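Hey, can you work out the whole structure from these sequences and the hints?
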Amino acid sequence: TSGVDVSGNTITNLQSGAGGNGGGGATTANGGSGGNGGTAVGVEAGATSGFAQLYTNAINGVTGGAGGAGATGGTTSGNGGVGGDADGLFFITAENADAGGNSVSILHGGLGGNGGVTAGGGGNGGTGGGATAVLLASVVGSASVGSSTMDTLAGGDGGRGAHGGYGGNATGVLSFGYNDGRFNATAVNFNLIQTVTGGAGGIGSKFGGNGGSASGIAAVYLAPTLDTNQVYTLQGGRGGDSLGPTNGGRGGDAIGIVAGLVRNGVSLADTISGVTKGAAGTGPPVQASYANGYYLVGNRTLTIRFTVENASLSSVGSYEFYVDNYTEGFAVNTPFTKLAVMAAGNLTVQNFLEVDALWPNGLTPVAGAHVLVEDNGSPIWDRSSPSGIQPWILVTDRVYIDQPRPTDNVTRVTVTYSSYSFANDPRFVDMGTSHTEPFVMVDRDPPTSAATPLPAYENTQTFTIGYTASDGNGTGLGNITLWVRTGGGGWSAYATQPAGNLGQFTFTASADGVYEFATTADDRAGNVQSGPSANNTWTTVDTVRPGSHVNSLSPYQNSASFLVSWAPDAGVTDIATYTIQYNLGTGWTNWLGGTTATSATFNSGNQGAIAFRSIATDRAGNVEVAPAGNDTWTIVDTIAPFSHTLPLPTYETTLGFTVSWGPQFDSSDIASYRVQVRDNGGSWSDWLVSTGTSATFTGQDGHTYEFRSIATDRAGNVEAPLAGNDSWTIVDVTPPNSIMTSLPAFENRLQFAVSWGSAVGTTDIATYTILYDVGAGWTNWLVGTAATTGTFTASGQGVVAFRSIATDRAGNVEPAPAGNDTWTMIDITPPSVTDVRPVGPDTNTTPWIRITFTEGMDRASVEQAFSISPAVDGSFQWSADSRSVTFVPTRELQSGTTYFVVVDTSARDLAGNTMGQSKTFQFSTAPGFLATYWWLFAIAAAGVAGTLFFLVRRGSREPSRQSVKAASRSSPDAIIEDVFLLNAKDGLLIKHETRRLRPDVDTDILSGMLTAVQAFVKDALRGDDLGELDEMTVGQMHILIGRGKWLVLAARIEGDGTESWTEQIERCIRDMEDHHWDQLEDWDGDMGLARVLAPYIKKLIQGGYAVAAATRPMRAVSAR
2 TSGVDVSGNT ITNLQSGAGG NGGGGATTAN GGSGGNGGTA VGVEAGATSG FAQLYTNAIN
62 GVTGGAGGAG ATGGTTSGNG GVGGDADGLF FITAENADAG GNSVSILHGG LGGNGGVTAG
122 GGGNGGTGGG ATAVLLASVV GSASVGSSTM DTLAGGDGGR GAHGGYGGNA TGVLSFGYND
182 GRFNATAVNF NLIQTVTGGA GGIGSKFGGN GGSASGIAAV YLAPTLDTNQ VYTLQGGRGG
242 DSLGPTNGGR GGDAIGIVAG LVRNGVSLAD TISGVTKGAA GTGPPVQASY ANGYYLVGNR
302 TLTIRFTVEN ASLSSVGSYE FYVDNYTEGF AVNTPFTKLA VMAAGNLTVQ NFLEVDALWP
362 NGLTPVAGAH VLVEDNGSPI WDRSSPSGIQ PWILVTDRVY IDQPRPTDNV TRVTVTYSSY
422 SFANDPRFVD MGTSHTEPFV MVDRDPPTSA ATPLPAYENT QTFTIGYTAS DGNGTGLGNI
482 TLWVRTGGGG WSAYATQPAG NLGQFTFTAS ADGVYEFATT ADDRAGNVQS GPSANNTWTT
542 VDTVRPGSHV NSLSPYQNSA SFLVSWAPDA GVTDIATYTI QYNLGTGWTN WLGGTTATSA
602 TFNSGNQGAI AFRSIATDRA GNVEVAPAGN DTWTIVDTIA PFSHTLPLPT YETTLGFTVS
662 WGPQFDSSDI ASYRVQVRDN GGSWSDWLVS TGTSATFTGQ DGHTYEFRSI ATDRAGNVEA
722 PLAGNDSWTI VDVTPPNSIM TSLPAFENRL QFAVSWGSAV GTTDIATYTI LYDVGAGWTN
782 WLVGTAATTG TFTASGQGVV AFRSIATDRA GNVEPAPAGN DTWTMIDITP PSVTDVRPVG
842 PDTNTTPWIR ITFTEGMDRA SVEQAFSISP AVDGSFQWSA DSRSVTFVPT RELQSGTTYF
902 VVVDTSARDL AGNTMGQSKT FQFSTAPGFL ATYWWLFAIA AAGVAGTLFF LVRRGSREPS
962 RQSVKAASRS SPDAIIEDVF LLNAKDGLLI KHETRRLRPD VDTDILSGML TAVQAFVKDA
1022 LRGDDLGELD EMTVGQMHIL IGRGKWLVLA ARIEGDGTES WTEQIERCIR DMEDHHWDQL
1082 EDWDGDMGLA RVLAPYIKKL IQGGYAVAAA TRPMRAVSAR
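Under this note's numbering, residues 2 to 1121 are what the sequence shown spells out, in order.
Don't read these hints as lab results, they were simulated from the structure. Source: prediction; values computed, not measured. Mixed in with the good hints, there may be bad ones.
To be verified - Capping the alpha-carbon separation at 25 Å, the derived lysine-lysine pairs in DSS-like fashion look like this:
#1 Lys-1100 x Lys-992
#2 Lys-992 x Lys-1046
#3 Lys-1099 x Lys-1046
#4 Lys-1099 x Lys-986
#5 Lys-1046 x Lys-986
#6 Lys-1099 x Lys-992
#7 Lys-1100 x Lys-1046
Have a look at this one:
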């Protein structure tokens, strides 16, 4: 098979079949052996190419079949059958096998069958079946088992017999390669294997059976890589007891990891814990069995090489390592205490060494230090370390060669760096465990120190001097000494104290002057910094305060900005900065702080007296004592006055009005005012200059006037004119003009919208008063409203007039108009018909059809609402008052024909009111001298002479021979051409519907036919035959007539075979009466009913009521 993928399955409770028992008996010389139990496998992939993937399968409960029992024979009894194996995942000759993420639990090998018992010699017990979670047999390509869980694996117990059967083996992962020298790569990684138990040996009458083995992982003929697997709780099977009483069975071995005949195998970070061998069975001698962590074995042909690195071994009963013959084993960073090495086996123990080259402080690595590691005098590491920390040097500690006694290697480490030396260097190192060896450099370098810079001046005699010190990567600082000199003299030690990387001394000068400072330090190794040759820092001690003053100002300043200057007092030469203060009478305020300038422009934000003083600071930071008073003062008056004209009303309704003005913002020293005016947004012009505060201004109607004032104070400061105005007003002495929107001539509601607005040229209306007149004089409707529309509610019908009176924003009121602005007629009464002509029978064939209404009508709506049936073309003529309309046909009407005239409710009067109900009337034209068509004469003649016979079908009567004959002529060619729907009470036509107009059947034929049908209905269907169907036949034309409770339907059918339409007509009548019985029961002639029933008639004509049905019988009767 190519490319096998079996994933995501859940398999539970597999039980293979038991082997059959052997045959035999007392008369049989040799009893038959029991059959072998069947093998149970969760998933098996065999003989695949490409790949075989078994992923994320869950297998729980797999049990091999029990071996069958051997039969008893007269001479020899049969052996018990072998128990069947239980495998979770089984690959055999599967290319690139891959098992990942699976769960395998509770596997039990089948029990070995018991041997037969006979006096001549009993049979042996069968071997118990094995239990393997993952079995890789004959690996092809590569194989992988990863991230899987294997739990509770148990080999089957051996059967009883003369020789007890062996217990079955239990293994977590068992992999075999071909013995072809390829040693296929096999990876077993990140698996959890726990609770693996070998089967117990069977009890034997002569020999007890050996217990089965328990193994975590086993690899044979492969190149295995094992990584981060966890193997817990392995228990070898117990040996079977011997009833001999000697030769008890051997206990089963328990091994964490088995590597047999492998090439370059490796185990990385695997864990093995809880390995226990099986107990021996009863009966000496006791045979040895083992509980080993790793079991490594080769042969004469193949010496294997297997490396164990970073493994964890605990609770291993016999040996953590059992190195059998022809084996090269390596234990890297894997501690162990118990091992066995056979005569042709070797085990090399290696651990990791880290060498840290450190500066004398024992913390800082020496980057670039050279490390030499020698193993028995031979270099195994000889290179420089870029960081000074060299980890992961693999060093051999000891070698077990053909024996369990080690040969120790001697490891020596040497560290060098430039000319420096390291303590205990070189040294011999015990590599029994992986560890770090620190090499600390010997301290030979003195420390360094320096006083930190001081300011150029100190203004106190006692001050602090900071320092920095460092021993680099040495052993650490000891003490530090401050040195001082003054006036260029010699250095003297001022103080010594314990040193830190940062610190300070407190120094007190004996007098003002220049002082120099330096420091020296020593370290804990006794290295001393050389004495000072130059200073690290210096300062000048100055404790005398300076003096200064502000130069005198003139007594008066008329500008907000003016120059102020200052200077040192006589004899003062070391001023660094000045602080200039001013006082407005509320205390001193800093103006310039820390300035080096000696003059500046002062910008005063206040009026009145301003005082100034100076406070100097010298280079040493000494600050002048501020004087008790000021150094100089001046008076500032630079603020222009403020004034304004007082607010005016928005409108002035007289041409002459008063304008007032005055000071503003507490201006109290105004000497005069200049008042300006601007007319209609033009340029400003002076109106008057005055010391007064008001005057009368005369303007013009419709002009807008703006005013502002410009004041001058006593100091000559002139107010800046405003960009705009102080006040303004509009002179308006003209009343407004308003209009109302014209109303329609008629309103058909008591409540309707009325709108109004300003007349052209009027733009300043504030409010409206709306009045109405219904013939009893003008009445206020809306007073003082700003709205321009409203909904008027009339108390009744009739003419109502409206007018508006506006008031503008200036308060001018519009004169009331002599009449109205608009009017309308309220008409809410629906129109109706008062007279119709002609009506009744015997109307001539050229009548004018006249309809008279209660009031004038909307002509277009009446013409639209008008209809006549049968249809007739014509024109309309109206009376001047639109109350009467006359329909004039364009051609002569058919004689002997009933015409129906309808005016439906869509007809409207001039106000738009629709008719309350439609108007229907009919008239009949007088018969002509000769009938147009022979079949109508036949119908009429039949009514007089009774000589013409018709075929009339009634469902309740027996069929005659003629009816059978007619039925036999039925054909699918029959179609409905016309349908007449009539009221069953009086025969009035409700609806006529036709399929199409044909040349040989026009409206004249249909009118005559309708008359005949109406006569037939009134006469022939007055009996009790409600719901039955009648038929009139003339040549190839058939008229089927059906009647319901309220309706009569006559259908004109062309062609042979009418029986297909009989039941369709009945269904159509039932359908209309079932759905519209309420309208049919009380029908008053309203032709709106025709529109309601039209869809049913159309459905009938189109064959919509057709279903498979039997043909009703017919009977022959004579026409009346």
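Now for the hints, and whether the structure bears them out:
1. Lys-1100 x Lys-992: Holds, at roughly 14 Å.
2. Lys-992 x Lys-1046: holds, 17 Å
3. Lys-1099 x Lys-1046: With a Cα-Cα distance of about 21 Å, the restraint between Lys-1099 and Lys-1046 holds, given a limit of 25 Å.
4. Lys-1099 x Lys-986: Roughly 24 Å between the alpha carbons, so the hint for Lys-1099 and Lys-986 holds.
5. Lys-1046 x Lys-986: holds, 9 Å
6. Lys-1099 x Lys-992: Holds. Lys-1099 to Lys-992 sits at ~11 Å (cutoff 25 Å).
7. Lys-1100 x Lys-1046: holds, 21 Å
In this structure, none of the earlier numbered hints is contradicted; all agree with it.
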